[in-house]
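Colleague: Two chains, two frames, a set of hints: combine them into the complex.
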Amino acid sequence: MNVTNVATTPAREVNYAPRVFDLATTPLRDLNQALHQIADGADEPAWEVLNPKGSHAVAAGVDQPITIEVRGSVGYYCGGMNSKGNITVHGSAGPGVGENMMSGSIVVKGDASQYAGATGRGGLLVIEGNASSRCGISMKGIDIVVCGNVGHMSAFMAQSGNLVVLGDAGDALGDSIYEARLFVRGNVKSLGADCIKKEMRPEHLAKLRELLDRAGVKGVKPEEFTRYGSARTLYNFNIDNADAY
Amino acid sequence: MTYHNPPTTPRRSATFDEYTMSEIRRAAATGIYDIRGAGAKRKLPHFDDLLFLGASISRYPLEGYREKCETSVTLGARHATKPIELKIPITIAGMSFGSLSGPAKEALGRGATIAGTSTTTGDGGMTEEERGHSKTLVYQYLPSRYGMNLRDLRRADAIEIVVGQGAKPGGGGMLLGQKISDRVAEMRTLPKGIDQRSACRHPDWTGPDDLEIKILELREITDWEKPIYVKIGGARPYYDTALAVKAGADVVVLDGMQGGTAATQEVFIEHVGQPTLACIRPAVKALQDLGMHRKVQLVVSGGIRNGADVAKALALGADVVSIGTAALIALGDNDPRWEEEYQKLGTTAGAYDDWHEGKDPAGITTQDPELMKRVDPVAAGRRLANYLKVMTLEAQTIARACGKNHVHNLEPEDLCALTIEAAAMAGVPLAGTSWIPGQGAF
Numbered sequence: 001m002n003v004t005n006v007a008t009t010p011a012r013e014v015n016y017a018p019r020v021f022d023l024a025t026t027p028l029r030d031l032n033q034a035l036h037q038i039a040d041g042a043d044e045p046a047w048e049v050l051n052p053k054g055s056h057a058v059a060a061g062v063d064q065p066i067t068i069e070v071r072g073s074v075g076y077y078c079g080g081m082n083s084k085g086n087i088t089v090h091g092s093a094g095p096g097v098g099e100n101m102m103s104g105s106i107v108v109k110g111d112a113s114q115y116a117g118a119t120g121r122g123g124l125l126v127i128e129g130n131a132s133s134r135c136g137i138s139m140k141g142i143d144i145v146v147c148g149n150v151g152h153m154s155a156f157m158a159q160s161g162n163l164v165v166l167g168d169a170g171d172a173l174g175d176s177i178y179e180a181r182l183f184v185r186g187n188v189k190s191l192g193a194d195c196i197k198k199e200m201r202p203e204h205l206a207k208l209r210e211l212l213d214r215a216g217v218k219g220v221k222p223e224e225f226t227r228y229g230s231a232r233t234l235y236n237f238n239i240d241n242a243d244a245y
Numbered sequence: 001m002t003y004h005n006p007p008t009t010p011r012r013s014a015t016f017d018e019y020t021m022s023e024i025r026r027a028a029a030t031g032i033y034d035i036r037g038a039g040a041k042r043k044l045p046h047f048d049d050l051l052f053l054g055a056s057i058s059r060y061p062l063e064g065y066r067e068k069c070e071t072s073v074t075l076g077a078r079h080a081t082k083p084i085e086l087k088i089p090i091t092i093a094g095m096s097f098g099s100l101s102g103p104a105k106e107a108l109g110r111g112a113t114i115a116g117t118s119t120t121t122g123d124g125g126m127t128e129e130e131r132g133h134s135k136t137l138v139y140q141y142l143p144s145r146y147g148m149n150l151r152d153l154r155r156a157d158a159i160e161i162v163v164g165q166g167a168k169p170g171g172g173g174m175l176l177g178q179k180i181s182d183r184v185a186e187m188r189t190l191p192k193g194i195d196q197r198s199a200c201r202h203p204d205w206t207g208p209d210d211l212e213i214k215i216l217e218l219r220e221i222t223d224w225e226k227p228i229y230v231k232i233g234g235a236r237p238y239y240d241t242a243l244a245v246k247a248g249a250d251v252v253v254l255d256g257m258q259g260g261t262a263a264t265q266e267v268f269i270e271h272v273g274q275p276t277l278a279c280i281r282p283a284v285k286a287l288q289d290l291g292m293h294r295k296v297q298l299v300v301s302g303g304i305r306n307g308a309d310v311a312k313a314l315a316l317g318a319d320v321v322s323i324g325t326a327a328l329i330a331l332g333d334n335d336p337r338w339e340e341e342y343q344k345l346g347t348t349a350g351a352y353d354d355w356h357e358g359k360d361p362a363g364i365t366t367q368d369p370e371l372m373k374r375v376d377p378v379a380a381g382r383r384l385a386n387y388l389k390v391m392t393l394e395a396q397t398i399a400r401a402c403g404k405n406h407v408h409n410l411e412p413e414d415l416c417a418l419t420i421e422a423a424a425m426a427g428v429p430l431a432g433t434s435w436i437p438g439q440g441a442f
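Residue numbers (UniProt numbering), protein chains in the order written: chain A, 1 to 245; chain B, 1 to 442.
Treat the hints with care, as some may be off.
As the list claims (entries may be wrong) - Here are the in silico distance ranges between beta carbons for each label pair: (1) Asn306(B) <-> Phe237(A): 46 to 56 Å; (2) Gln37(A) <-> Glu413(B): 47 to 57 Å; (3) Val378(B) <-> Arg232(A): 38 to 48 Å.
Since the hints were made in silico from the structure, they are not lab data.
Quick caveat, the model's predicted, so the values are computed rather than measured.
Don't be surprised by glycine CBs; every beta carbon is placed ideally from N, CA and C.
Looking at chain B on its own, in the form it has when it is part of the complex (with noise of 0.2 Å):
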């Protein structure tokens, strides 16, 4: 009689697996890291991990469609002549003309007007197509100061200096080669065809004492006018936001590790931040120490996605969110009618993100004249302004089911979470308990 050894079922490493091992194969062959857009891909503690409560015996729900629930939002009152006044508590994160193609910021300024809300520029100057067409915008101050001028700093609605952002905390802009058209090269001096590093710091302050003077610099010279935004990446979101209020500023927006990058290294966007979800109740908190809860309004950008993520958000405290990755999405990015030529650049639909490379068969990532020609500006905006109309209904449903006429007065109670860790980073009970994990020092 013969005997054969049952054989064992093959045994992939959990430790190296498909991904990781690609990437190893991938950084042999190349010597070089790594870059794509968007934002963090791996599963992370996120809105999906909250439920709302709804209203019940204790508390009454409104009634849709007929009993109002306010969504309006006025943003910059602590200092500013000249308030941002939105309908709705959604906005348009910055995102550079050079990244994003000419039509595609164009889009992005029709369908937030119709929306009623704002567009933001980028690392890239402010262009003609988002200034014309943007009835409220708000114009970055990075530190590569590209294109930055006093014309267009002067007809700005308002400014946001940007300290960092939640896919790379602590590291600056990146615009390959094949991007640097003639015309951008032009916006930020460069030569065309380099590969352009922007800096990660501000050429002329450092620290919170300097971030005063530099706040007092842009006001005086906008005679005290506009709102003075500053923006952050989730690093330290507790410290960051008291200091940034502390330095003068109007609005504080605080960019979670899902908050997306036209190109950054995987390494940077995979490993350094921490997730949205985690850094709105340390920055509410730094704002109620501080007595300015409402007084400083607090923007929330990094995986927002629907009216229910929206709604989440401003029950933690945000006073608005903003979205960069779900914006583009509306206008078209990584649809699945460019399915055959994903397959061409070795990717799918919903998984491209070599934004960098300046190929997108969307035409929103690109500087190509052809591909460019693909994103209508005018339908595109609209889409834009359904899908803003359609989370602002959402958020709407969800405040009338927790019987509030605003969408600001939801709060963390009317909220619970469904995992421990969601729990203790939304500082929410877990559902079926009284218990918050995590209490205490930030």
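Next up, chain A with everything else stripped away, as it sits in the complex (with noise of 0.2 Å):
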């Protein structure tokens, strides 16, 4: 498979070397606030981070149209609340990546561990390697490609947005789903409670080709993946259901 990342893509046509910030003399706290303290329309599109080497909160809460590559892996919550902001990182995210993010787009070249786009409410989180578990958890809107596996209980709760998995998906998917759409390429191990197996009609065809071409993801067709959401039977609290939880 052939994954090549125009999320990534500067916002604009860039004449100048990006600024960088290098986490091994630099602490966190000055890369974070000179990231905040972009001022709207200003000419800082560039940034590049390095030797991360597994710090937390790596550029989070951007809200700028800016392009971050991050050279390394990450701790918890690279890119958490991200809005606008452009995010690559090169190398693997741990707990939370883009947690709760707003808009914009992250990419992970590696994989992620737990609750990757947890909560997340708009904007493109890119996995290209697998996502551990919980993947997607309560995601509001975001859309999530993950170009590998997804471990148990992803998209447990989710309650809006577009989960792509290319691989497989583990025990439990999602679980108490709501308003989500998840397609999986690949097998799903178990269904959690309330979601079901869905037709796939033109328009989920149309969307899932529009979010791959997003990903930057080539060689796959939208034909190959099956979609998933929720039966909607658990809306209403009702007695005789209470064994589904």
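Modeller: Given below as structure tokens:
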């Protein structure tokens, strides 16, 4: 499978060197504060972070349309609450990458730990490797594309948005799901409570095509996926459904 | 001669009392547990079981109205560059838009602002009503993350990570379909009219080590400006307080089992968690053991009703108290003026707690546009401000009588207890004795 990353393309032409922050010599706080102090319309679209070495909260709370290349692996909550930023992690990401993301994009070149994209409200999160358990937990509008597999309880209580998995999904996919849409190309070990297989209609194929294109995934057809979503039987409490939980 | 056996008086069971039997019949008929609002209604050891000793020969009182008794408090100076400054040691607890109407949230903001204190959002995001009308607003960070967004996080004055609440330590939120209006549904990203049971556990962290990293992230996002509170239910106050402090909290909010909820199972409200009175001393002990008492502020809530309760909580070591149910009553909740309508709902003023049904005659716990018109946010806000000022004045009156020039100078030595239980829980002597039961490890 050939994955090229359109999301990392800068929003506009850059004709000068990116601002470089080396976390081996500069405190994390300085990096994040510098990112937050970018004024609207400022000409600082390209940033580079060196030696993250598993640091937590790298590029958390970005709210400008900038491009950030993180050269290495990060700890918890990289790109947390990201708004408009385009972040690429050239390594793997710890728990909660892109948690509560508002918009923009985050691409993880390696694997991601638990709760990738948790409660995300918008934007695109691409995991080029595998994502661990609870990927897309409680997602609220984000689009997540995982090129490998996802672990158990992925899309738990997922409210809105799309989760695309090119590989397999673990146990209890989409448990207690609301209105999010799940597309899995490989096998699903088991479905969670109230999550069912659904018909792939033309609008779903079109949406999936768009998501794959945005994520830069080539050589994969939407028709290879199965769609899953809510049976909506648990939306209003009924005592006779109590054993479903 | 005929002899009649004397009849015995019909005897009701103490175990199967009237309420218990009605609940069995209700469960049998409906097949669902009882859900209601408010906090524990059973009789519990509480602040009423404590008394102040007042001044005597060994300590002299301060003159009321002449000698100053300060009430101001600063929260969050441990790590935050913009700590919270309050004029009074009483705040408004987190209550969600969704469970409360927009006008009720606005009234809370107005009242708190007049009185010089803070309000708190809830499990439904931040509304313009409360941000606009609250000078100081604490933004709750809840497991559901409904309405959570970067802009609101940055325009909050403090962030409160909610781990638990007194009415239901270990339980999540609940908002039933009747109250999921279009506006509420949009803020929560949920379909209209569904029963919404929000998560009890945060989606992206578990345990004290993760919490430390979560706090770091929130500080990084807000550039270390805003105080980070951690709210816990009254479950294991010593350890939870210690772990919150260890994780980096600026403020610990501790909610005992009398603390209210918008909607939770009755069995949860009445049978899980500890009374507020039992929670304060262990939490204070944890702060003292870590050398953090008065550095990390302790906010206590759950059944605070008057200035005496405020003074007693502070004397036991709290820095601030917080009110929810009492604030709603000040706005007009359960007011006898709506008695006729309470009767139609099968209840009576003072006992109405079906807040989840959205039919509140007082217009507070509802999303019904007609009912919520009954709350005039300006007038209700004024009532709340009056009430907050009265409570403060009452607490000052007691503090002066104990010879204190700041309400924070009240101390356990100013108190005695009326019952053995209260003496043990509060760690103060039983009245007329020097006996403090239950001393030893918490």
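Colleague: Does each hint hold? Answer for all of them.
Modeller: Hints and how they fare:
| no. | hint | verdict |
| --- | --- | --- |
| 1 | Asn306(B) <-> Phe237(A): 46 to 56 Å | 38 Å, violated |
| 2 | Gln37(A) <-> Glu413(B): 47 to 57 Å | 50 Å, holds |
| 3 | Val378(B) <-> Arg232(A): 38 to 48 Å | 42 Å, holds |
The earlier numbered hint that this structure contradicts is number 1, and it is the only one.
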